[in-house]
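Taking the hints into account, I'd like the entire structure generated from these sequences.
Residue numbers (this note's numbering), protein chains in the order written: chain A, 14 to 336; chain B, 404 to 655.
Keep in mind that a hint or two might mislead.
Stated by the list, open to error - Chain A residues, not near chain B, derived (Cβ > 10 Å throughout): (1) Arg-46; (2) Ser-50; (3) Glu-165; (4) Val-186; (5) Phe-195; (6) Ile-212; (7) Glu-283.
To be verified - Here are the simulated DSSO-like pairs of lysine-lysine, each with C-alpha atoms no more than 30 Å apart in a straight line: (8) B:Lys-429 <-> B:Lys-562; (9) B:Lys-603 <-> B:Lys-650; (10) B:Lys-643 <-> B:Lys-421; (11) B:Lys-421 <-> A:Lys-122; (12) B:Lys-603 <-> B:Lys-429; (13) B:Lys-496 <-> A:Lys-122; (14) B:Lys-429 <-> B:Lys-634; (15) B:Lys-463 <-> B:Lys-429; (16) B:Lys-496 <-> A:Lys-315; (17) A:Lys-122 <-> B:Lys-475; (18) B:Lys-603 <-> B:Lys-562; (19) B:Lys-496 <-> A:Lys-18; (20) B:Lys-496 <-> B:Lys-429; (21) B:Lys-475 <-> B:Lys-634; (22) B:Lys-634 <-> B:Lys-463.
Hints were generated in silico from the structure; no laboratory data involved.
Virtual Cβ for every residue (Gly too), placed ideally from N, Cα, C.
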Amino acid sequence: MMARKSPWPLIAMALWLAALALTPVVLGNYEVRIAISIAMFTALALSWNIIGGFTGYPSFSTAAFYGIGCYVGALAQRSGVPAALAWLAAAAFVGGVSFLIGAIVLRLKGHYFAIGSIALVDISRLVVSSWGEVTGGGNGLNVPLLQGRPPEVSALVLYVMLGIMAAAFLANVLVDRSRLGFGLRCIEQNEDAADMVGIDTTRYKIAAYVLSAVFPGAVGAVYASWVGYIDPTDSFDILTTVKVPVMAMLGGAGTLLGPVVGAVSFVLLEEIFWANFLEWNRAIMGAIVVALIFFLPGGILKLDWRAILRRPSRRKAAERKPG
Amino acid sequence: MSPILELQNVSRAFGGIKAVNDVSFKLEEGEIVALIGPNGAGKTTLVNAITGVHTPTAGKVFFEGGDVTRQKPFQAARRGLARTFQIVQPFPKMTVLENVAASALFGGHPESLAEAHDHAARELDFVGLGHVAQSPAASLTLPNRKRLELAKSLAMSPKVLLLDEVNAGLNATEIDGALDLIRRIAARGVSILIIEHLMKVVLSLSSRVLVLHHGELIAEGPPQEMVHDRKVIEAYLGPKFAERFQKEMALG
Chain A
14 MMARKSPWPL
24 IAMALWLAAL
34 ALTPVVLGNY
44 EVRIAISIAM
54 FTALALSWNI
64 IGGFTGYPSF
74 STAAFYGIGC
84 YVGALAQRSG
94 VPAALAWLAA
104 AAFVGGVSFL
114 IGAIVLRLKG
124 HYFAIGSIAL
134 VDISRLVVSS
144 WGEVTGGGNG
154 LNVPLLQGRP
164 PEVSALVLYV
174 MLGIMAAAFL
184 ANVLVDRSRL
194 GFGLRCIEQN
204 EDAADMVGID
214 TTRYKIAAYV
224 LSAVFPGAVG
234 AVYASWVGYI
244 DPTDSFDILT
254 TVKVPVMAML
264 GGAGTLLGPV
274 VGAVSFVLLE
284 EIFWANFLEW
294 NRAIMGAIVV
304 ALIFFLPGGI
314 LKLDWRAILR
324 RPSRRKAAER
334 KPG
Chain B
404 MSPILELQNV
414 SRAFGGIKAV
424 NDVSFKLEEG
434 EIVALIGPNG
444 AGKTTLVNAI
454 TGVHTPTAGK
464 VFFEGGDVTR
474 QKPFQAARRG
484 LARTFQIVQP
494 FPKMTVLENV
504 AASALFGGHP
514 ESLAEAHDHA
524 ARELDFVGLG
534 HVAQSPAASL
544 TLPNRKRLEL
554 AKSLAMSPKV
564 LLLDEVNAGL
574 NATEIDGALD
584 LIRRIAARGV
594 SILIIEHLMK
604 VVLSLSSRVL
614 VLHHGELIAE
624 GPPQEMVHDR
634 KVIEAYLGPK
644 FAERFQKEMA
654 LG
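Below you can see the structure in the form of structure tokens.
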């Protein structure tokens, strides 16, 4: 881990970013929408990776960060703040919230932390639904639309989402290579021992939690500007909070490219099942998730790809011999 | 010269149970002191109370003259008050070298990551684990895991080392090796408080023995005297056997 880091994840990510950025030029509206979805969920999964992957704290707060981001961005824009500034404000605000909440819930460990983090989603949703005069309550909020023709707007949203995704990836790379990341990995493997070798575990965990919050905050705000209307059920969707860790684990939690691979695979699979099995897609998706957790606990990237690719050729060679 | 570690009337209760009750002692610089007592006497709880794992419910802990009663474990480590665990606590997925480098980086005061690694490599050679530096920590044998615990605490350049049963589970040859290692650590000027059941270790290493029973210090003195102390024998064997034992000893 402390040996010199391979440059390949960085190169792969740069190529992937370029490919996604090309979709508005070479492909149609539908593909651009999918690209936006991929960029969004990759950013969310990469953010989760810092607390859930490196630190080993199974956080279910993603939807809370995302939803609060939606509302802060929308409210800022409605009071006349320019869109870009509203997005930054949302990220900063969510960072502050996660700092305060983290100082409380990070005292819990394992399942208890997971439950505490999921409660944050419900509490935020309840506050937003009941605080009608500010948030519009259950009626939702209209958000000023971005200026431009529809294809221009989706291209802009895509580029902004890609920017957030790149920033989240960069945060992962920096954490992975820094003292902070080393400390987080120690906490993941043995928190008591980490404490005993001089790591201020509380501070490190809060740092990881805040880093896992700011990007979802920004994603939520940008999403709100894109769709033009938000409501509590959609913004604080419990499914988001479950989907994102599943994506990261599907690819390989605690690795740099795992969340990226996981998010793409998940979004594409979901798209295929939505299109072909309108009524059964959730059930199929659930079955796939269960199967993956049973048979691929380390994620797609942890598979021994070389051995898998070698096996068919060896079998062929074995078949040839007796004949 | 003030003691490097001093406990004043330290108690630690869990609900109604006083695991450690009103314990006071001093550890002078460069000393090796043994802490013995039957199972459940509160030895590990006492170490936990000193290093901040469990904050004492009463009393004070002084380290280098400063009050450290309310410190957190990571603060103890950074101050130079290191410990090993009775049940070894490695970072299983890291290599042996990374395990020790973590201690050097966070608990010591290195200039850089590279320096932390150099320091870690030196400590591994010191405890005799240089040849397995690149192996995963989970693959080590028990004696080597105990040595890894020692290397981890040494990498923090401690002034005081609390050794919690570092020899438990080792065979006779391995214990001789461990004894030699502890002597070499002491020769570096580290003051040591060693929790131990093996009388061979206690007798050959320590200049002073503290005896803990039901959370209280019942005796304190040179090791040879403690072995024959009536209260100590009673604590271990019960009053009846202690009487018989002493009669037999008197008869020769």
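Worksheet item: Taking only the CA atoms, is the gap from Lys-603 of chain B to Lys-562 of chain B under or equal to 30 Å?
Response: Holds, at about 25 Å.
Discussion item. Check the hint pairing Lys-603 of chain B with Lys-429 of chain B against an upper bound of 30 Å on the C-alpha distance.
Written reply: holds, 23 Å
Discussion item. Confirm or reject: Ile-212 of chain A is not an interface residue toward chain B, with every Cβ-Cβ distance exceeding 10 Å.
Written reply: Nearest chain B Cβ is 5 Å from Ile-212 of chain A, so the label is violated.
Discussion item. Check the hint pairing Lys-603 of chain B with Lys-650 of chain B against an upper bound of 30 Å on the C-alpha distance.
Written reply: holds, 24 Å
Worksheet item: Are the Cα positions of Lys-496 of chain B and Lys-122 of chain A separated by 30 Å at most?
Response: Holds, at roughly 20 Å.
Worksheet item: Within 30 Å, alpha carbon to alpha carbon, are Lys-429 of chain B and Lys-562 of chain B?
Response: At roughly 14 Å apart (the allowed maximum being 30 Å), Lys-562 of chain B and Lys-429 of chain B satisfy the hint.
Worksheet item: Are Lys-496 of chain B and Lys-429 of chain B close enough, with their CA atoms no more than 30 Å apart?
Response: Violated, because 39 Å separates the two Cα atoms, which is more than 30 Å.
Worksheet entry | Given pair status - Lys-634 of chain B, Lys-475 of chain B, alpha carbons within 30 Å | violated, 35 Å
Item to complete: Sort out whether Lys-315 of chain A lies within 30 Å of Lys-496 of chain B, counting only the CA atoms.
Response: Distance ~14 Å between Lys-496 of chain B and Lys-315 of chain A Cα, so the pair holds.
Discussion item. A cut-off of 10 Å on Cβ-Cβ distance, and Arg-46 of chain A was said to be off the interface with chain B. Does that hold?
Written reply: At roughly 40 Å from the nearest Cβ of chain B, Arg-46 of chain A sits farther out than 10 Å, so the non-interface label holds.
Worksheet item: For the pair supplied as a hint, Lys-429 of chain B and Lys-634 of chain B, is the alpha-carbon distance within the 30 Å limit?
Response: It holds: about 21 Å lies between the C-alpha atoms, which stays within 30 Å.
Worksheet item: Is the straight-line distance between the alpha-carbon of Lys-634 of chain B and that of Lys-463 of chain B 30 Å or less?
Response: holds, 27 Å
Hint violations for this structure: numbers 5, 6, 20 and 21, all remaining hints satisfied.
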